[in-house]
Amino acid sequence: MPAHATHGTHGPSSHLRELLPLMIVSSFVGYRGVNIKRGGGKCKGGPGSNFPEMLVDCPSFSKPQRHMYDDTTAIDVVDLLKVFEKKNRAAVRAVDYISFRVRRGEIFGLLGPNGAGKSTTIKILTTLLPPTSGSASILGYDVVSHPLEVRKSICVVVQENAVELYLSVRNNLRTFGRFHGLTWSEIERRADGVSELFGLREHQHEKGVDLSGGLKRRVQVAKIFMIDTPIVFLDEATTGMDTFNKRATLQAIREESRKGRTIVLTTHMLDEAEELCDALAIVNHGRVIAAGSTDNVKSMGLRLLNVSLTFERLTNDILRFIHAYHPYKIETSDHSIEVKVREEEAALGILAGARQTGLLRHFEITNASLEDVFVELIDKKESVTS
Amino acid sequence: MKEVLAVMYREFLIRRTSPLWLFFDVAVPLLYLLMFGVAFDKALGLGLAIGGDSVSYNQFFLAGVLSMSCFGSAMNQSYGFFVDRDNGIFYEFLTYPMTRGQFLLGKILFQCLMSVVQCVLTLVAGVLMLEIGIQWEFLLLVFCVVIIGTAGWFFFLAIFAFLIRRNDTYNTAINVAYFLLMFLSSLFYPLENVPGWLKVLSYGNPLTWQTDALRFLTIGVGQIEFIVIESLCFGVFLLVSFWGAIRTLQRAI
Numbered sequence: 001m002p003a004h005a006t007h008g009t010h011g012p013s014s015h016l017r018e019l020l021p022l023m024i025v026s027s028f029v030g031y032r033g034v035n036i037k038r039g040g041g042k043c044k045g046g047p048g049s050n051f052p053e054m055l056v057d058c059p060s061f062s063k064p065q066r067h068m069y070d071d072t073t074a075i076d077v078v079d080l081l082k083v084f085e086k087k088n089r090a091a092v093r094a095v096d097y098i099s100f101r102v103r104r105g106e107i108f109g110l111l112g113p114n115g116a117g118k119s120t121t122i123k124i125l126t127t128l129l130p131p132t133s134g135s136a137s138i139l140g141y142d143v144v145s146h147p148l149e150v151r152k153s154i155c156v157v158v159q160e161n162a163v164e165l166y167l168s169v170r171n172n173l174r175t176f177g178r179f180h181g182l183t184w185s186e187i188e189r190r191a192d193g194v195s196e197l198f199g200l201r202e203h204q205h206e207k208g209v210d211l212s213g214g215l216k217r218r219v220q221v222a223k224i225f226m227i228d229t230p231i232v233f234l235d236e237a238t239t240g241m242d243t244f245n246k247r248a249t250l251q252a253i254r255e256e257s258r259k260g261r262t263i264v265l266t267t268h269m270l271d272e273a274e275e276l277c278d279a280l281a282i283v284n285h286g287r288v289i290a291a292g293s294t295d296n297v298k299s300m301g302l303r304l305l306n307v308s309l310t311f312e313r314l315t316n317d318i319l320r321f322i323h324a325y326h327p328y329k330i331e332t333s334d335h336s337i338e339v340k341v342r343e344e345e346a347a348l349g350i351l352a353g354a355r356q357t358g359l360l361r362h363f364e365i366t367n368a369s370l371e372d373v374f375v376e377l378i379d380k381k382e383s384v385t386s
Numbered sequence: 001m002k003e004v005l006a007v008m009y010r011e012f013l014i015r016r017t018s019p020l021w022l023f024f025d026v027a028v029p030l031l032y033l034l035m036f037g038v039a040f041d042k043a044l045g046l047g048l049a050i051g052g053d054s055v056s057y058n059q060f061f062l063a064g065v066l067s068m069s070c071f072g073s074a075m076n077q078s079y080g081f082f083v084d085r086d087n088g089i090f091y092e093f094l095t096y097p098m099t100r101g102q103f104l105l106g107k108i109l110f111q112c113l114m115s116v117v118q119c120v121l122t123l124v125a126g127v128l129m130l131e132i133g134i135q136w137e138f139l140l141l142v143f144c145v146v147i148i149g150t151a152g153w154f155f156f157l158a159i160f161a162f163l164i165r166r167n168d169t170y171n172t173a174i175n176v177a178y179f180l181l182m183f184l185s186s187l188f189y190p191l192e193n194v195p196g197w198l199k200v201l202s203y204g205n206p207l208t209w210q211t212d213a214l215r216f217l218t219i220g221v222g223q224i225e226f227i228v229i230e231s232l233c234f235g236v237f238l239l240v241s242f243w244g245a246i247r248t249l250q251r252a253i
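Same order as they appear, the protein sequences are chains V and L.
Under the working numbering, the first residue of the first sequence carries the number 1, and numbering increases by one thereafter.
Under the working numbering, the first residue of the second sequence carries the number 1, and numbering increases by one thereafter.
In isolation and in its complexed conformation, chain V is listed as follows (with noise of 0.2 Å):
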């Protein structure tokens, strides 16, 4: 490694060493000052802000700790283990002994693969799937023995479109709001505001049948809005859903959990999981590889830092330069040059050599996003079990 990256150097490097744990950095280098923003990881209030442990269920990590039912948890997750039988097939560990717990009014997580066991853990969890063994329970509902008391703690967004297509939109609400015991005077108070909060007035009266896909979900989304259960399962609710519908319901979802309701939600848009969650957990064949706060999943192990760099002219000396810090991943384009690290040490070395070559215009580092660091979790666990 050069000796300009190692700890102890002086100048601008060391510096910005003190300040890459806040990260982003962003500057214009040069004549224009230094422009840094700190807070580049997620701040959060919510309770799960301070989510204390890191689960890694892998041969390579310890096993994962029973928890505890207390006040603050919503959901508890213990070697919970489901196995599909198959005819003439090799049987299928769908969820393969994962744990992690979901603590009261945090917006949660579950992210991973196709395939991963995200949908199949929500099954179980909602009570539509028994597990092979573990447990799990809702607000300490045990899901195999409590079924009904679990069913009135929550409320489910299923990944399949979920509509009555023959009922209106309209009726399509009250349906559900007389399935969750509203009075008829609530269900029409409720509906009024929900038709107001995603749009759905004017398509009131249509029925399912005649809706797009994306107004299909919004109904179905809606419907989790009619009623006040404590912890909401969304399974890739925003899927099919325009950019307005969206940010519309995310935004609703942030209001629910700040009101105190619990929100687990899977989905593959993984913005969309840093945007909005507390924690979470990314599992891959069924296993819980990472769990725990946002920022702390996006952090760990592997401290992948983003560089990137804009030069008046890209040379091969600054390319050559670069590649001797083993970048694990480069980009380049035109006179930009995008460069992912795993050290803090790299990172700033190669801004210290990019400055010296007096031909760099703007540069910013940033933590890598929780889209590197799921890629990069998933792609260890492969090699691990390949």
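Honestly, the hints are just simulated from the structure, not real lab data.
The structure displayed is predicted, hence computed values, not measured ones.
Some hints could be false.
[What the hints assert, rightly or not] Only pairs whose alpha carbons sit at most 25 Å apart, straight line, appear in this in silico SDA-like list of lysine to any residue: (1) L/Lys-2 <-> V/Arg-190; (2) V/Lys-87 <-> L/Thr-169; (3) L/Lys-2 <-> V/Leu-148; (4) V/Lys-87 <-> L/Ala-173; (5) L/Lys-2 <-> V/Ile-378; (6) V/Lys-86 <-> L/Ile-164; (7) V/Lys-259 <-> V/Ser-168; (8) V/Lys-86 <-> L/Asp-86; (9) V/Lys-152 <-> L/Val-4; (10) L/Lys-42 <-> L/Asn-175; (11) V/Lys-207 <-> V/Ser-168; (12) V/Lys-86 <-> V/His-285; (13) L/Lys-2 <-> L/Leu-239; (14) L/Lys-2 <-> V/Ser-185; (15) V/Lys-87 <-> L/Ile-164; (16) V/Lys-329 <-> V/Met-269.
Based on these hints, arrange chain L on the given structure of chain V.
Same frame as chain V, but now just chain L:
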């Protein structure tokens, strides 16, 4: 009870949107009686000799039509599971705050109401248009058998609706089963003179048990001891089917 009423309310809203469903639920058995029954009545002329009595085919067929409408009604309701499953709403239902039993009960109670309406229309048409003499004193018992019959068949068919994932497979299987059950029963003809193997199979068929009970209650044909045994058998069929439906529903995901 609130939960059961919520399921019934939902069923009502859905039925209300389609007059075709109402027509199928209410009018088809009636048309069967008026067209099929009348044609056979004329073709057979003097009617049928059962246990020393002679009854017209219209009289005989009335109980068959009531049984058929119970089965058809249950079949329609069980087919609704596929519609719900295709809509995705089925899975959402199962997360609502009610037991699996309440869910099934709400569905079947609504369908039983439809069956009773069918039954009233069929009886009125039989009396007014075909001049069938009915034992009105047993009317409430007729309603009970219609309700129990519809429920029994619904729970029985629900087991297959939950086990079979494809609606085309279910459709084919149920239509074949319907055909066999109808013709291996006392629905269309008396069983006294049919071949021995057909008689054995027919008396093992819950559709025969239900039809015989309805025939006894509407026109007084049959022996009470035999009808009581058949009714008890149908009661067992109902309970086993209910248990089976709940079991399969719990594993229907």
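Consistency of the hints with the structure:
For the hint linking L/Lys-2 to V/Arg-190, the alpha-carbon distance of about 19 Å falls within 25 Å, and the restraint holds. The suggested pairing of V/Lys-87 with L/Thr-169 holds, with an alpha-carbon distance near 19 Å, which does not exceed 25 Å. Under the criterion of a C-alpha separation no larger than 25 Å, the hint pairing L/Lys-2 with V/Leu-148 is consistent with the structure, at around 14 Å. Distance check on the hinted pair: V/Lys-87 and L/Ala-173 sit about 22 Å apart at the alpha-carbon level, within 25 Å; holds.
Between L/Lys-2 and V/Ile-378 the CA atoms are separated by roughly 47 Å; this puts the pair beyond 25 Å, and the hint is violated. Restraint check for V/Lys-86 and L/Ile-164: satisfied, since their Cα atoms lie roughly 15 Å apart, inside the 25 Å limit. A hinted pair counts as satisfied when its Cα atoms are at most 25 Å apart, and V/Lys-259 with V/Ser-168 does not qualify at roughly 29 Å. Distance check on the hinted pair: V/Lys-86 and L/Asp-86 sit about 23 Å apart at the alpha-carbon level, within 25 Å; holds.
Only pairs whose Cα atoms come within 25 Å are accepted, and V/Lys-152 paired with L/Val-4 is accepted, the gap being roughly 15 Å. The straight-line distance between the Cα atoms of L/Lys-42 and L/Asn-175 is roughly 28 Å, outside the 25 Å bound, and the hint therefore fails. As the CA atoms of V/Lys-207 and V/Ser-168 are separated by approximately 4 Å, the hinted pair is consistent with the 25 Å bound. A threshold of 25 Å between alpha carbons decides the hint, and for V/Lys-86 with V/His-285 the separation of about 18 Å falls inside it, so the pair holds.
Restraint check for L/Lys-2 and L/Leu-239: the C-alpha separation of about 23 Å stays at or below 25 Å, so the hint holds. Note on L/Lys-2 and V/Ser-185: the hinted pairing holds, with a Cα-Cα distance of about 16 Å set against a maximum of 25 Å. The straight-line distance between the Cα atoms of V/Lys-87 and L/Ile-164 is roughly 15 Å, inside the 25 Å bound, and the hint therefore holds. With a C-alpha separation of about 22 Å, the suggested pair V/Lys-329 and V/Met-269 falls inside the 25 Å cut-off, and the hint holds.
Hint compliance for this structure: hints 5, 7, 10 are broken, all remaining hints hold.
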